[in-house]
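Listed in order, the protein sequences are those of chains B and C.
Note that the numbering used here numbers the first sequence so that position 149 is 149, with each residue one more than the last.
For any residue, its number in the numbering used here is found by taking its place in the second sequence, counting from 1, and adding 483.
No lab work stands behind these hints, which were simulated from the structure alone.
Note that CB positions come from ideal geometry on N, CA and C, so glycine has one too.
A few of these clues could be false.
No more than 25 angstroms apart at the CA atoms, straight line, and that leaves these computed lysine-lysine pairs for BS3-like [as the list claims (entries may be wrong)]: (1) B:Lys287 x C:Lys579; (2) B:Lys405 x C:Lys735; (3) C:Lys735 x B:Lys475; (4) B:Lys76 x C:Lys602; (5) B:Lys3 x B:Lys332; (6) C:Lys607 x B:Lys406; (7) B:Lys388 x C:Lys725; (8) B:Lys333 x B:Lys388; (9) C:Lys596 x B:Lys132; (10) B:Lys470 x B:Lys330; (11) C:Lys607 x B:Lys76; (12) B:Lys406 x C:Lys726; (13) B:Lys132 x C:Lys602; (14) B:Lys475 x B:Lys333; (15) B:Lys405 x C:Lys660; (16) B:Lys330 x C:Lys607.
Sample of chain C residues with no beta-carbon within 12 angstroms of chain B, all distances over it, derived [stated by the list, open to error]: (17) Lys493; (18) Val568; (19) Arg686; (20) Ser740.
Some, not all, of what chain B presents toward chain C, calculated at C-beta under 10 angstroms [said to hold, decoys possible]: (21) Ser124; (22) Val130; (23) Thr301; (24) Phe304; (25) Ala308; (26) Trp311; (27) Val314; (28) Ala319; (29) Ile326; (30) Lys333; (31) Met402; (32) Lys405; (33) Ile411; (34) Leu414; (35) Cys436.
One-letter residues, chain by chain:
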Amino acid sequence: MGKVKSAIITALVVAAVLILSLFATISCPLNEVERYNSFISSIHMGSDLTGEAYALFYPEGVISQADYNVVADDEKEEYTQHLSVYVESDKYGPEKDLLGSVAKDAEIISARFAQKGYSKYSVSVVDGYVIKVSVPTNFTYSAFKGYDATSRSDELTKIGNTIKYLTLSGTLDLKNGQDDTAKSIIPVSYDGFETFFSGAKYYAVGGNHVVQINLNDDGYKNLNNIIGNLSDGTGYFFIGETCIGLQMSYGENITGKTLNFQVGEASAKDYSIVLDSVINGNELTNKYNDNGANTEVIAITPSFGESAVVWLFVLLLLALIGAVAISVVKYKKLGLVNGLIAVAFSAAMITAIMLIGIQLTVAGAFILVLGLALLTFSNFCVFEAVRKETLTGRTIQASVKMGYKKSLTSILDLHIVILVVAAMLALICTGELAACGLILLIATIASYALHWFTRFMWFVISSPVKDKFKFCGYKREVLDDED
Amino acid sequence: MKTNFKLSSKMHLFIIISSAIIAIGLMVGIICQYVANGFFNYGDEYANYKSVSITYVNTDFSGKDEEPVDHIKQICENAFSNEGVKSYQVVVGDTKTGGTVIYKFINSTDGGKLENAEKAINSKFAEEVTADAIAYNYAVASNADTLLGGGNAIAMAAVAISACIVFHFIYFVIRYKLTMALGAILADLHNLALFLMIMALTRIPVGSSIATFAVITVVLTMIGTCFLFDRMRKNFKDEDLKKLTAFEIVDKTADESFIINTVMPACLATVSVVAFILLSISSLSPLTIISAVLCSFICFVSCAYGTAFFVPSVYSRFKLIGDGLKAKSRTKAAKSTKK
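Can you make the complete structure from the sequences, with help from the hints?
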């Protein structure tokens, strides 16, 4: 390859990598109102980096210090203080049912949240009478810092809705309206509407989000008996006194044993989880916060500190600088080629994580570093194989060809094994591990693609160089004269 | 870097070291399962804790230059230090009317001291806050019993790790040799067991991230075994090395792949240490970070030891047994041909 061609291709690749890296990492204000948020500041973060949101659930008869402070003086006598809460005196004490029922409800709520697939969540019973639910805020860095107020409030609204639905108490019912005056269309002679079903699940196909409720044999017959005899109308699904966003037409028989409801992405999973829980007999005994009407979701700072994201970014940057520095020290200008590829890998990973919407945690960042290590060590492995070939007296071109050929199987095996493992993790696991699996999957694909791109760039950049041994940091083999 | 460890001759030493660590870890874990808080020391994420929460409205500290939250923190920290109690985590949040500051304390903290601190904070508020707003500025002490959630996620992680190890074995049986596949599965199981048992033994507080680091252990072991056994396969096929014994070839291969199997975990361990330093600056409480960093550190050390030292030494015996069986079957075949 000629000097000009080499220079043009090198300049184009370097410019592309630099531009992508700048877009990926640098945020800046565009004018007084608008702001450009870089890819990295648009990545959703786990609770260890951008904090968690929590809500407290007070059962009927239990109030907080804040509420107690504004209770009229003559009514205060009705309450007994228990650490941070005030309990109506007739419900207070270990001999009453309230303590036990709150503990049981907490177990059910915990089981419901476990199905949501959060990277981290916790359910606690505070002072015996209050349930505390904590979930990740899922903020991006820009939302966390308040640069993107819309995204911040959207995330908190989503969390608020999830918390509201997953803490609904009461049984399943089908009513003829959506408001408080609506009446159940399921006659009392049946043993509850939830006994009609065997379970509920969520699935998504082609961008549609579906809640599927499965009828059992008796339920199929009973529901047809009930709705077949009614005039045309719409039935609304209720859990306790709350109408959830599922509705079905009646007046004609249903044909299959599954009811499918297409609903919005944000609530589909919540509906399926709470329905499945109620159908399987896991109903909450108590009503909390007036059925969710008075629930306040509070976002708190992360346990790793408010600037944890910045320091994590510094860590990733140091890892990248370390990889480039080791490459340059060991392989001179060839190390720079490897450095360029490492930068491209980092920018590509940031872009992919942002586009796919993977939640990044500290463990996920370690997986990113592992991916960078995979790429760097794969390249080092080939560089060493090429160095060995040069020691046999071959030219650099011949050595590169032979080195890549000899290490092909080991690099391919390595990437296939890691790729399958990553796919298994992403498919089988939930929460943080599934996210880590997905990051590893993308990192492995990027690593293999860039491994070959390294060869291309090695060829392009080293073509016009006269002393290719010096370029690669190899020592030329001096053959002894045998006389 | 060339080493001259002659790992093949030290198999018994490595087996004793690994078995001792795994056995002691298992014993400590089982004992703690019954007398302490579980097989592992479940940390902050799963731990019961005591807390003091302060709820405030924003406009109460008029006349002060600092933010309300900073002044509140100062009042609280004075009250806690007067009582001789120390929180392990402080978080702040915004509410509709102002904000909240939550101090978390380990469960064994004296509840009486926390209640005294709470009273001291409230009396300080009564002095400094305007009378009509006092009802909205208060501290409360509470106990939280956290449910051991995430069981489903950990069970799925266990299934995924098992599936990965089985896949690793099958892939190595197909692409390499049965003895190498046995070496690979031994490496996965050994390193994973070593990591988990050291975690149980050292009682480092663990959270849900233990599953992630268990997975990283397996992945890093797989990377290591891929390099090791690929090199091994090439060296066994190399005509120039035919005159060497199996043990010598294994030792030579272990030497050749020593750097990759130790430097990569060492680099990642260095990243862990740097993460600890940087995140400690961020959180101002190294206690919050230390368990995650130690967890990752143990993961990398287990991988380096297992893949670079233990596996080559044990594989040399697998190779010997494999070759012995092959020779036997060849002799049998030759005899039957003669007959």
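Hints not upheld, ascending by number: 6, 16, 20, 30, 31 and 32
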